[in-house]
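Kindly produce the complete structure, drawing on both the sequences and the hints.
Protein sequence lines, in the order shown, are assigned to chains S and E.
Here my numbering is used: the first residue of the first sequence is 1, the next is one more, and so on.
Here my numbering is used: the first residue of the second sequence is 224, the next is one more, and so on.
For the record, the hints were derived by calculation from the structure and aren't laboratory data.
Misleading hints may appear alongside valid ones.
[Unchecked claim] With the Cβ distance kept under 10 Å, some of the chain S side facing chain E (calculated, not the full set):
{"#": "1", "residue": "Val-5"}
{"#": "2", "residue": "Lys-9"}
{"#": "3", "residue": "Arg-48"}
{"#": "4", "residue": "Ala-52"}
{"#": "5", "residue": "Ser-76"}
{"#": "6", "residue": "Leu-84"}
{"#": "7", "residue": "Ser-85"}
{"#": "8", "residue": "Ala-87"}
{"#": "9", "residue": "Ser-91"}
{"#": "10", "residue": "Leu-92"}
It should be emphasised that the depicted structure is a prediction, and the values quoted were computed from it without experimental measurement.
All residues carry an ideal CB built from backbone N, CA and C; glycine is no exception.
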Amino acid sequence: MIFLVVMRKDLKLFVRDAKFLATLGLFSASLVLILSVAFGPIFAQPAREAAATVWAALFFAGVLGLTRSLELEGESGAGDALRLSGADPFSLYIGKTLANFALLAAVFLLLLPLTAVFFDVGTLRALPGVLGVAALALIGYSAWGTLFAALARGLQARELLLSVLLFPSLVPLWIGAVKLTHAYWGGAPVDEVKDWVKVMAVMDVLGLALAAWLYEAVQEAAE
Amino acid sequence: MILRAEAVHKRFDDRPVLSGVSITLEPGHVVLLSGANGSGKTTLARIISTLLPPDEGQVTMDDVPVSERRTQVRRAIGFASHAPLLYLALTPVENLEFFARLSGVRDGRRRARALLERFGLGYAADRPIAHFSRGMLQRVVLCRSLLNDPEVLIFDEPYAGLDDAGVAAVNDVLTEGKARGRATLLIAHDKERGEGVITRTVRLANGRAQEAA
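Here it is in structure tokens:
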């Protein structure tokens, strides 16, 4: 199971980089705090403001995480060693995608209680729905983000390119995530926005399919 | 296994680096590739090892273009360069076991420890390599290149940073490789260190390769 080996390696590298983890955690938590102060203390539409805040924070935290993931292979040329191993490129991609997903999921689990407390939203009953939305959004974000990070590798303005590629491509995912989270937190009837689940699922499948088709070429061309 | 680069051209930003270079790596031979800094030695090594595509010309393994059997070619090559190609936050054992598993080596951990012992690094096998000296790092690089017992070795400055014991270990690998029919490309500035194991010398100058006496 090559993808599990790659995932474990990436997670090990994330965990050993305390400076990166501290930056990621503090940055995303600060964003939630700042936006809660900006929208509050009396929230007009707490569910809407909270949903927007948590997903904005996750988007920016995700760019940090994906940039770090990209650097892991570039720092000492280890990406070359990955290619020389002859391992199946799609397995390498899946391993890195799973590691990025785990990292973003950890950030989401950090932000979720903070958002609930600062904005006074959410109930335990809504938790499974919100976690389902997060899973859909983060699978898509990791799938597209890992592909784009590989595409940006080797370029001078890679961090900029990564953001420029990620934001417009993932707009349907963000809209779906915000609308569904808003609904689960009691801002709107869930039935009215449930079609966004299909949009997000299509985005997830599309990202993975595109990577299955392109990742090897992207990996080779990144040199 | 015969690895051959034929009429290889490579340019970077319109600056020609290789202009029709041909070189053959044959079993049981250690070919020293020499040349001044910037003469294209590392570029040629990267092209032969499939890490970089040539602009023109081709690389073949047993007369089949490497682009048609890239996985097989990559698994047949042991590549060591002056860039470590390792994860600095991992230990030598973690690095080697990781790459062993990717390359399909059975019992990667035992293989990793055996190689580290061979290169005199057994005592540091479980320390993160981030603070290793240049010589220690170079030994781990050499271990990585030998993980899957490759049929072809491409060593780019393998002696860099090594003490006498390290140089002797590299020469042991090269001598053993010759005896076992490995094809080897050795890039080294201080060719005296490889004396006794080198069977041919090719010099790169002005983008072309010349067989040296």
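Quick rundown of the hints versus the structure:
The restraint placing Val-5(S) at the interface with chain E holds, with a minimum CB-CB distance near 5 Å, inside the 10 Å limit. For the restraint placing Lys-9(S) at the interface with chain E, the shortest Cβ-Cβ distance is roughly 5 Å, inside the 10 Å limit, so the hint holds. The restraint placing Arg-48(S) at the interface with chain E is violated, with a minimum CB-CB distance near 41 Å, outside the 10 Å limit. Nearest Cβ of chain E to the Cβ of Ala-52(S): about 35 Å, over the 10 Å cut. The hint is violated.
A least Cβ separation of about 5 Å between Ser-76(S) and chain E falls short of the 10 Å threshold, and the interface hint therefore holds. Nearest Cβ of chain E to the Cβ of Leu-84(S): about 5 Å, under the 10 Å cut. The hint holds. Hint status for Ser-85(S) relative to chain E: holds, with the closest Cβ pair at about 4 Å, below 10 Å. Because the closest C-beta pair between Ala-87(S) and chain E is about 4 Å apart, less than 10 Å, the hint holds.
For Ser-91(S), the suggested interface contact is upheld, since its CB lies about 9 Å from the closest CB of chain E, less than 10 Å. With a cut of 10 Å, the hint placing Leu-92(S) at the interface with chain E holds, because the nearest CB-to-CB distance is about 8 Å.
The structure fails to meet hints 3 and 4 from the earlier list, while all remaining hints are met.
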